[in-house]
Amino acid sequence: MSNQANTDAATLPPLANRPLNIGSSMNDDASRLDALAKVTGAAKYGRDVHPANALYIAFVRCPFGAATLESCDVDAARAVPGVVEADVSKRQGNYHGATVGHVAADSPLSLRRGMAALACRWKRKGDVVTTIEQGIEAEPELPVDAKAMIEQAGDRTLDATYSTEVQTHSSLETHGACVDHKGDSAVVYVSTQGTSSARDGLDEALGLPASKFEVVCEYVGGGFGSKLNGAGKEGMLAARIAAKHKRSAYLFVNRAEEHLDTGNRPSSRTRVRVAFEADGTIKGGHIQTWGGVGPNRGGGGVNVPSGRYRLGQITTAHADISLNGGMPRAFRAPGHPQGAFAEELMLDEVAARCGLDPLALRLRLIKADAIREMAELGARLIGWDKRLVNGAQAGPIRRGMGMGVTSWGRFPSSVDAEVVVNRDGSVEARTGTQDIGTGQRTVVGIVTADAMGVPLEAVTVRIGRSTLPPGPGSGGSVTTVNSAPAFMEAGKAAATQVLELVAGRTGAPVNELTIAGGEVRRNGAKVMAWKDACALIPDTIIGKGRNTQKTVAADKTTGTSGGAQFVDLDVDVETGVVKVHRIVAVQACGRVVSRKLAESQVIGGVIQGLSYALFEHRLLDRQTGAMVNPNLEWYKIAGPKDMPLIEPVLWSKDKEAAGPRPLGEPPTIPTAGAIACAIYNAIGVPVRSLPITPDKVLAAMAGKGGAK
Amino acid sequence: MNPFVLVQPRSHAQAAKVMAAGGSYRLPVLKAGGIDVLDHLKEGLLSPDAVVNVRRLGAEGPAVTRLADGSIRIEAGATLAQLASDPILLADATVVAQSAGSAATPAIRNIASAAGNLLQRPRCWYYRHAQFECLKKGGSMCFAVDGENAHHAIFGPGPCHIVHPSNLAPALMVLDGQVHLTGSKRDRIAAADLFHMPDKGILSEHNLEQGEVITHLTLRPRPTSGFHAVKAKQSFDWPSALACVSLRVEEGVIREASVCAGAVAPVPWMLPRVGAALKGAKATDDAAIAAAAELAAEGAKPMRDNGYKVALLVASVRRATLRALGRETPSFREIRP
Ligand SMILES: Cc1cc2nc3c(=O)[nH]c(=O)nc-3n(C[C@H](O)[C@H](O)[C@H](O)COP(=O)(O)OP(=O)(O)OC[C@H]3O[C@@H](n4cnc5c(N)ncnc54)[C@H](O)[C@@H]3O)c2cc1C
Chain A
22 MSNQANTDAA TLPPLANRPL NIGSSMNDDA SRLDALAKVT GAAKYGRDVH PANALYIAFV
82 RCPFGAATLE SCDVDAARAV PGVVEADVSK RQGNYHGATV GHVAADSPLS LRRGMAALAC
142 RWKRKGDVVT TIEQGIEAEP ELPVDAKAMI EQAGDRTLDA TYSTEVQTHS SLETHGACVD
202 HKGDSAVVYV STQGTSSARD GLDEALGLPA SKFEVVCEYV GGGFGSKLNG AGKEGMLAAR
262 IAAKHKRSAY LFVNRAEEHL DTGNRPSSRT RVRVAFEADG TIKGGHIQTW GGVGPNRGGG
322 GVNVPSGRYR LGQITTAHAD ISLNGGMPRA FRAPGHPQGA FAEELMLDEV AARCGLDPLA
382 LRLRLIKADA IREMAELGAR LIGWDKRLVN GAQAGPIRRG MGMGVTSWGR FPSSVDAEVV
442 VNRDGSVEAR TGTQDIGTGQ RTVVGIVTAD AMGVPLEAVT VRIGRSTLPP GPGSGGSVTT
502 VNSAPAFMEA GKAAATQVLE LVAGRTGAPV NELTIAGGEV RRNGAKVMAW KDACALIPDT
562 IIGKGRNTQK TVAADKTTGT SGGAQFVDLD VDVETGVVKV HRIVAVQACG RVVSRKLAES
622 QVIGGVIQGL SYALFEHRLL DRQTGAMVNP NLEWYKIAGP KDMPLIEPVL WSKDKEAAGP
682 RPLGEPPTIP TAGAIACAIY NAIGVPVRSL PITPDKVLAA MAGKGGAK
Chain Y
1264 MNPFVLVQPR SHAQAAKVMA AGGSYRLPVL KAGGIDVLDH LKEGLLSPDA VVNVRRLGAE
1324 GPAVTRLADG SIRIEAGATL AQLASDPILL ADATVVAQSA GSAATPAIRN IASAAGNLLQ
1384 RPRCWYYRHA QFECLKKGGS MCFAVDGENA HHAIFGPGPC HIVHPSNLAP ALMVLDGQVH
1444 LTGSKRDRIA AADLFHMPDK GILSEHNLEQ GEVITHLTLR PRPTSGFHAV KAKQSFDWPS
1504 ALACVSLRVE EGVIREASVC AGAVAPVPWM LPRVGAALKG AKATDDAAIA AAAELAAEGA
1564 KPMRDNGYKV ALLVASVRRA TLRALGRETP SFREIRP
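Top to bottom, those sequences are chains A and Y.
The first sequence begins at 22 in the working numbering and counts up one residue at a time.
The second sequence begins at 1264 in the working numbering and counts up one residue at a time.
Hint data in this document are derived by calculation from the structure and do not stem from the laboratory.
Note that this is a predicted model, so its numbers are computed, not measured.
The C-beta atom is built at its ideal place from N, Cα and C for all residues, glycine as well.
Please note: incorrect hints may appear among the correct ones.
Facing chain A, a subset of chain Y residues (Cβ under 8 Å, in silico) [what the hints assert, rightly or not]:
(1) 1334
(2) 1410
(3) 1411
(4) 1495
(5) 1574
(6) 1578
Chain A extracted, bound-state conformation (with noise of 0.2 Å):
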């Protein structure tokens, strides 16, 4: 067998699946309000705002793992022409891209001679932690009750190990913050995932009251969850350096520093003794999980077991391991692929030692009614009728089929809405939210518009300022979740007082009149033009609306968002390299906003999901500590040429839920699992480890290192 026959080419219906999720949702064709702008650059992020004479800024780092500043000529660089400030206040490092001071110039040149003429001379300290291996002392012991279970039931257990590395966020706008001055004011561009907050703190700094200064954030290039922690550290010093200056100061990191210190992915290391039935079903056993962190303990967890699926009695314990290298950030669904990639695996395992088609052993085991029946919609899509044994094939090219599961619970935010109705027809929507590359700005507009029944184009968005009604975090998915029901009902009060308006001009009875297409009718029948009505009000109407824990919690309806992902792959078995051909995404997110966008998060989800099981690894280097790869030519990302197929497929039957539920996260969870035993479908052999590399598969089909 050399190649095989393209027989699924011809039976893939035109656009894949997506005619399924037409007419999912509140708007399905329109496109991102911003889209024209940010492909034409005319949309201006944090990073490109360039005040006059303004300062420039950057961090003194440290080079390695863990290193001593033993000679550092401040007085050199303070005397660089240009150069205004020059300080170092540390001298140790304990990982690459540790701050231990900054240089501020009064331009980028200026800047970097200064910074060379510190002429740091680091000395690299002995031994450094850069994997979580080297952390652990001794593998722990079966606590009483696993052990019990485990050697009672003889053959039939697993033991197993997964382990995966650390993913930088690698935003592609990086971190940081540009002060603009104006002597007692001031606007503070800062490129974060929480506009409202980022504002805390900053009046000490910039030592100005808050009412003094205004945080803008109209465009975000990405965060992943590296940019919820306010002005960061880079927007503080900003801040301070151009209250000391009296003037505008710009410090945003560049691209190396971007991977070293601000955030990650954690690694991570699953070892699993379970005991489980002839038929699959597992009785139990013990889950030791560590977090590869940094210097500091904390934000290592892994989410395993997930609660997805039926696992018998376990129990868990979990470690941190300090590592010469940065800190862990939330990274989109924290802890969540790293744990999925260990439960789906494994469970590919218990079926494959079972003898059972692991489709059919999940659906006894997952819990939730919806993400069964969503695995049956995916398995059907996908073609799962064609998926071989493990290990069956032979020939160079081998298939693989794999899937994985997913859920998101709802978490509370509170959300200040505005809608404003001017008198020209014109209407505003504003919350103090900002868009991180989601989509949030088009939501908020979608929402609104269908609130009011006006059309998307009479809604102009403001978002991403500090000064606009209190707006979410993006983080944990709550952004949609939080803000559409705070504009629906914003919404809905700005059109009843238009509407009142209108009554008490024709007497016609308030609860009768609506509005649509562009006019105000009763019983479908015109009454006035939605301009003529609006130059009805006297000066402007804003409707108000407001989202709170309390909203939540008054609703019972469920705010879970589940999914199930299928993946359909090739395994070139000479050089162990993987190609993803189809993943089928099914997902719920309640009530769809918008068809594109939805679907967006899920592809961008599964994209990011791909890059991981396959290529993201940032490595350090085992004797100096540093990493080896800040850059986006060795820290490999997936490019166009490594996207398979992506049908994103919106769970139609979610009518159980109210309104928009999570949806930015879930989509992230299952793909590296899925794509994992996709992996051991078409070789025989799980690779445990994630990035799946070349040297990977064929160390495990060649006996070294894969299945024990």
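Please build the complex by placing chain Y with the ligand on the supplied structure of chain A, with the hints as guidance.
Using the frame of chain A, we list chain Y with the ligand on its own:
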């Protein structure tokens, strides 16, 4: 990056004069597409006082021409994109078109030049980062030996373990390429003599002298030639191993074979034993081709983390040979929406 003078010469000869030792500039750097030169400037590995831009020289004429003696001429400034789609190469020097077309990304191929591709510096992550004072930068140790060496050389005694990064160089090697020069007494150097191993000089990989500038390349046509590279990632990635093969086939039998690998040794790595084993094999004899390819592994001395590259090299050699013969090679399914 420090300020520098940008020199725009009107000919390669003029560029050579500016570049010559003892000229007006202390540290002039020649730039073609600049893909690699700019990386060096940004990382602070080069601080030239003059950048001599040869990018547009010769751009008005054809990139590739057939010469009266039957050989093929490639201009120094021809872009990889031009080479990949050139009808002369596609017909008669397939391995060059294929190797150029497989390098880097479409955007880079539109800018990167043939000469620049040959003379680009290695991608070793210790060499490329300023804080590592490695042998190649005049330091005292090779950090890869006990450090992270998954992408380093599987051939050669060291002391530096870079791999040669060029896709084009091994293609040129199997077609008896000549590199034509201006700026010195000699007017050419054989591709086979262009590079040296680290033990013959570590600070540079090639044997050109200061002030020598490449004007064009010539090579022997060989329609039965082929290229194969293995990359972990299919976009924006470097080959983990690649092979170039050129064959002369008569009546279904391989009469001559030249095989060269890339990304596995500090220089383009000729595989004469593979070539010898292919000689006399029938073009349809898969077993003989596979057995010959296995010989590519001879003499490999992998480092701790790069043993997998041996298998990738063998697969590349076999697939490049099959491709040269117009045979099918293992490939992934094609799935289109
Ligand atoms: C993401 C990425 C992926 C890549 N992948 C690959 C790959 O798969 N395969 C591959 O082969 N390459 C790859 N490259 C490298 C790229 O192809 C080379 O950097 C490029 O070909 C260099 O050509 P240039 O014209 O830009 O050279 P420049 O950067 O201008 O010059 C490179 C060197 O050549 C010298 N030089 C240039 N012209 C002449 C001349 N006429 N005479 C004498 N010296 C000259 C310069 O002085 C300099 O030392 C990749 C690069 C990147 C960034």
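Do the hints match the structure? See the list:
1. 1334: Result: violated, 34 Å to nearest chain A Cβ.
2. 1410: Holds - the Cβ of residue 1410 of chain Y comes within 8 Å of chain A, reaching about 5 Å at its closest.
3. 1411: holds (5 Å)
4. 1495: Given a least distance of 5 Å, the restraint on residue 1495 of chain Y holds.
5. 1574: Holds. Min distance 6 Å.
6. 1578: holds (4 Å)
In this structure, the one hint that does not hold is number 1.
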